[in-house]
Structure formats: structure tokens, C-alpha cells
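If you read the protein sequences in the order shown, they are chains G and V. The numbering used here puts the first sequence at residues 7 to 440. The numbering used here puts the second sequence at residues 106 to 332.
These aren't lab readings, by the way, just hints derived from the structure by calculation. Be aware that one or more of the hints could be misleading.
[To be verified] Stretch by stretch, here's where chain V covers chain G in the computed footprint (C-beta under 8 Å, at least three residues):
no. : segment
1   : 327-339
2   : 361-374
[Stated by the list, open to error] Derived EDC-like pairs (lysine to aspartate or glutamate); straight-line CA-CA distance at most 20 Å:
no. : chain 1 : residue 1 : chain 2 : residue 2
3   : V       : K212      : G       : E296
4   : V       : K300      : V       : D221
5   : G       : K363      : G       : D328
6   : V       : K212      : G       : E294
[To be verified] Listed next, with one range per pair, are the computed distances between beta-carbon atoms:
no. : chain 1 : residue 1 : chain 2 : residue 2 : range
7   : G       : G366      : V       : S298      : 26 to 34 Å
8   : V       : P166      : G       : A197      : 28 to 36 Å
9   : V       : H120      : G       : Q277      : 44 to 52 Å
10  : G       : A285      : V       : D182      : 42 to 50 Å
11  : G       : P425      : V       : A153      : 48 to 56 Å
12  : G       : P425      : V       : G296      : 19 to 27 Å
13  : V       : S307      : G       : R254      : 39 to 47 Å
14  : V       : H120      : G       : L275      : 32 to 40 Å
15  : G       : A250      : V       : L122      : 31 to 39 Å
Note that CB positions come from ideal geometry on N, CA and C, so glycine has one too.
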Amino acid sequence: MATRPARPRSAPVLRRDPQHRMLGGVCAGLARHLGVDPIIVRIAFVAAAMAGGVGVAIYLLAWVFLPAGEAPAGPVWLRTSRGTIEIVVGIAFLALSVLLTFRAFGLLFSDVIVWPLVLVAAGGALLWRQWLGGGLPGTAPRTPAAPTGVPGASAAAATTAAATTRPPVPAAPRTSTERAALVSRTSLGIALVIAAGIAFLSATGALSAARDVVLSVLVVAVVLSVIFFPWVLRLVRSLTEERAERIRSQERAEMAAHLHDSVLQTLALVQQRSEDPRAVAALARRQERELRAWLSRRAPAEGEPPRLAAALETAASEVERDHGVAVEVVAVGDADLDPHSEALVAAAREAMVNAAKFGGGSTVDVYAEALDGEIQVYVRDRGPGFDTTTLPGDRRGVRESIVGRMARHGGRAEIHSAPGAGTEIELTLPRSAP
Amino acid sequence: MTTLGGPRVLIVDDHQLFRAGVRSELEGLVAIAGDAATVEDAVRDIAALAPDVVLLDVHMPDGGGVEVIRRSTAQGDPPRFLALSVSDAAEDVIAVIRAGARGYVTKSISGAELADAVRRVHDGDAVFSPKLAGFVLDAFAGAPPAAPARAAAGADAASDPDLDQLTPREREVLRHLARGYLYKEIALRLGISAKTVEAHVSAVLRKLQLSNRHELSRWAAERRLVE
């Protein structure tokens, strides 16, 4: 458990002190409140426990009802070491043996009252901590979101409250283990209370009468469950169906919303611009691409950085939109985006723009392969092509934005073209070591 | 129609508009034997009309193209199937190819290209769109693929290693297909004959249909679950 900075407090309130606890921190808290050494309070409790177990009951009740304290008041408190624990356990056993000896002589309080009381107190402490813990002022809430304010202290206190025999768990338990602990604590508490009841009944000789009552209650319960079983089953089923239906209608609503935002909008635009076939084709292409991405859920999840293939798709759809030429992207493998591969995407985009401008309206094929040591991107059009030895004046931009950019990032760009054979720009980038 | 010497084609698609569109695109290029709108009709027409090539929509009610191929093949002497779909999702492509289709093209293909693809399938060749070539390369690469869900890539240890790998030449041909090259252009670039290119593609198709590679079987299995 982490030591928290001491909070100055002039008059310590009566709280449990989980930081210096041996069991629930009751004695430590009480000692702090009274300003005495905890060991004195502990011995007092052990002595009270010898008096027919009254100390145990008081301790458990205090455990339930005292809120957990937050911070140690000062450095004067003794850290409980394993040695101290052993001493106290030893004293407790001694006390128990003394108690049993006394009892053998029929002295002290009547067992009939005390032991069931102790059991009820213990079981009740366990149960009430589970269900009322959150309601008590200052105590750690027992909801899964428990460790908020004082994570270490409250969680550890709760865990110790759970099973007094278990060694203290220093860290906040996970939700699943916490839930399991909750179940085991609850059942242990119930078992203790029932045991107390049976012990009391058997000691007072009323057990046989109680057995009759329990039997008749059981019979009534069985009869009722047989009668109402189909009804309960139907209720449960209809609830399940209703939930499934709700999920379905939610999905339908989500899909309807998406189609409305995308497809219906595009169809409206198509109707408006029906006299411009190029615009209509471009709209249809863009909508198709968007819908495909949505259907296959290829769009990167929230917060997830886009990768190479997705970036190329985005670039392609932008070029498609701006130039009204279909751009097909085929990607094999994928790569993370770093400054180098971002430059590769930018160069590829430039190549797509070139292909769209000078490719004579033919489909632009983009093929990206990110497999072993390098990333390759091919951008190809089926346009008129040109003689690469005499680069036309209007295609000088290629030199800087494609060839130059690739060179700056340790890659290279090659242009394959011949009059009448289309143009292919090949971009190669060595992959940076992962 | 019968004056055209080419293959007789049956168009199977559940969208009437699309069937009419394909029909008018192919009219005069290949002979149209008929069209069918459901799996049931398609299986019956295939038996009755005995077309050479079936243009097959992948997505239809009652099992889609995969079901048509399965039932026609069970009847014996099936025609050649060319899958035609708006979808280019991997599981659709792989499932229909593994069911026995000789090729896969997307519906955005032009009429002339489609007629050419029909003829090639009729001649026993395989037809790969650039996207399909990309898928195959991806599936056989064993490299970390695009989606994180596909991270568990790796060949099945019990499978035939020959079927689970592409030869360097096949890989090269596929890469050119993915880059948008036609068979004859690939032949020119690689210095081999167009027939050799076709042989490579057919070999790849065979591997695609028979390989036990994890990615392929998984895609196919997923598709069957959906249907």
C-alpha cells in the first residue's frame, strides 16, 4: 500500500484505520481517536473477546459501521509487522483456550446466547458491508467503480473485511475477481447467519419445530414454482425477445441514418446534375467507394492511425473527385504511416493526378505492395503516353513532386512510358526497420 | 443469335435492371442463351439450355452464386462459371472461386471487357480482375495483412506445400494483373507468350481452389456461415 502524505488533523475523528490494520483497522482507528498505542486497544479487544465473545461481536459491528479513514495522522503509529500479527493471533488462541476452560466449568455467559450472537454479527457484518457499504458515509463504495477516492486504502480495507483469514491484498482487485469475492463473501455471510440460527434453535431445542416450518415452506415454494413456471419462463423469453428486437431496431436506425446521409444525398445530387454525365459518374463513383468502405468497415476505427492502404484509398478518392477519372487501388499488405511513407503517399497522389490529367480519361490503376523489405506503388494509366527522353514541358512537375520527393526520403521513382503505350510511374521506398 | 460462333451465355442475377443492362452490353458480342433471376431458375436453366458460360451474380437470395455452382456441379457436366458482382470483399471472391468459378469480375467492367472475359473463360482460361489478383497475392503472401483481424496468418502445416505457394513467375504475373496489365501486355513485358501467361493464371486458379491455406479456407468458411 502506498504511503500517502500525512494530512494534518488536530482532532482525529473516529474512523477505521486501514493503513495500520491487522484485521479491519478498528483497533488502529480507535487508538488514533483515543490517542493511545493501538496495541493497548487490541489487547482490550482480545480481553473482551474472552468474555464470552462479546469483544468479537463489538469488533465486527464497529467494522461494519465505522467508515474507513483516509490518511495516517502521523508517523507515530506502529506498522504492523508479521511478528505483531503472530503475537496477537497467539494471544487470541490463548484467550480462546481460557474461554473454553471457563465454559467447561459452566461459568461466564450462556453459550446459547453468545455464540449465535457472534455468528450473526460476523455474518451480518459480511452481508451488510456488501449491500450497505456504499451508503455509509465515508466508507468505500462497494460498486465495481470502488477505488476512486482512496484506491489502495478502501479496496484493501474491503478485501480484508471480506475474509479475515486472508492476508491483506495490497492492490485494488480487478473487477472479475472483485465480483467473485463479492459472491463468496455474500455466501459466507449467509452461511454464518444460518449457522447462528440453527445453533440457537438446536441449543434451545426448538430445532424440530423449525424443521417442520421449513419443510412446509419448501413444499409451498415447490408447488408455487410448478404452477408459475411457464408464466415466468414466458416472461423471461419475452424480455429476451424484446431486447433482441431493440438491438435490431437500433441497427436498422443506424443503417437508415447512414443511408440517408450518404446514398440519398448522392441520389438527390445525381438528379440535380443529370445533364452532366461526368459529374454524375464522379458522384456515383464516390458514393460507391464510400459505401464499400462502410460495408466492409475498412474505415479506421476512432483514434486508430490510418495506414498506408487507407491513405492511398483516400488519395485516390480525392483525385477521383477532383478530376472525374476512376482510380482503382489494389493493395497487398500494409504498412504504418511514418514521414517517409507519407511522402510516398503524397508522391503517389501526384502520380495519380498526372495520370488523371494526361491519361486521356482512362481508368487509373494503382497497385501498392508492402511486403518484405520495401514498399512499391505503381500508378498506371492507359493514355497516349510520351517519350521519356523528351519530357513534355507541362509534365515537369513530375520531376520535383514525384522524383525529387522520393529521392529525399531515400526512395526512388521511375517513369515508364512510350507514345501510345500509356504511362506507369513506379515508386519504391525501403521500409524502415520496425 | 446462333449466327454468332462464340459461347452461349446465361445471365444469372436477381436484379432485373442489371440483367437487362448486361444483356444489352453483350448483345452482338456473344450469344445470350437466356437469363435467370433465382438460384432455382438458374439451376433449371443450366440443365435445360446447356449454356457454355454462366455469368453469375455472387449475392442472391437462397445461397447466391456459390449455391448455383454447387447444385449445377452435382447435376453433372456443369458449364463454366464467371462470377460477376458489385462486391469485392475477399470472402465473396474466394468463396465463389473455390466453389468452382473460373474467374471473377466486378460489375463496373465494360461490355467489351466482359465479352472478352466470357470468351476467355469459355476457352478454359481463368479471368482475374486486378482486385482478385491483389487478393491472391495477399492470401499467399503470409505477410501481415491489412486488417488486424487477419494477424493470425500462416500456412496450415498439414497442407500440400506446392499448393500453398506461388512460384516467382506466377507472382510476377499476378503483380502485373494487379497493376492493370492485360495478358498480352504481360506477355510482352515478361518476354513469354500469351498462352504461357494464361497457363500461369490457370495454375494460380487451381491453387486458389485447392489450397488449404488458412486464409483461403477461413474466407470460404466465413462466407458459408453468412449464407
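Outcome of the hint check:
{"no.": "1", "hint": "327-339", "verdict": "holds (count 6)"}
{"no.": "2", "hint": "361-374", "verdict": "holds (count 3)"}
{"no.": "3", "hint": "K212/V with E296/G", "verdict": "holds (17 Å)"}
{"no.": "4", "hint": "K300/V with D221/V", "verdict": "holds (15 Å)"}
{"no.": "5", "hint": "K363/G with D328/G", "verdict": "holds (10 Å)"}
{"no.": "6", "hint": "K212/V with E294/G", "verdict": "holds (12 Å)"}
{"no.": "7", "hint": "G366/G with S298/V: 26 to 34 Å", "verdict": "holds (29 Å)"}
{"no.": "8", "hint": "P166/V with A197/G: 28 to 36 Å", "verdict": "violated (58 Å)"}
{"no.": "9", "hint": "H120/V with Q277/G: 44 to 52 Å", "verdict": "violated (21 Å)"}
{"no.": "10", "hint": "A285/G with D182/V: 42 to 50 Å", "verdict": "holds (49 Å)"}
{"no.": "11", "hint": "P425/G with A153/V: 48 to 56 Å", "verdict": "holds (52 Å)"}
{"no.": "12", "hint": "P425/G with G296/V: 19 to 27 Å", "verdict": "holds (21 Å)"}
{"no.": "13", "hint": "S307/V with R254/G: 39 to 47 Å", "verdict": "holds (45 Å)"}
{"no.": "14", "hint": "H120/V with L275/G: 32 to 40 Å", "verdict": "violated (23 Å)"}
{"no.": "15", "hint": "A250/G with L122/V: 31 to 39 Å", "verdict": "holds (34 Å)"}
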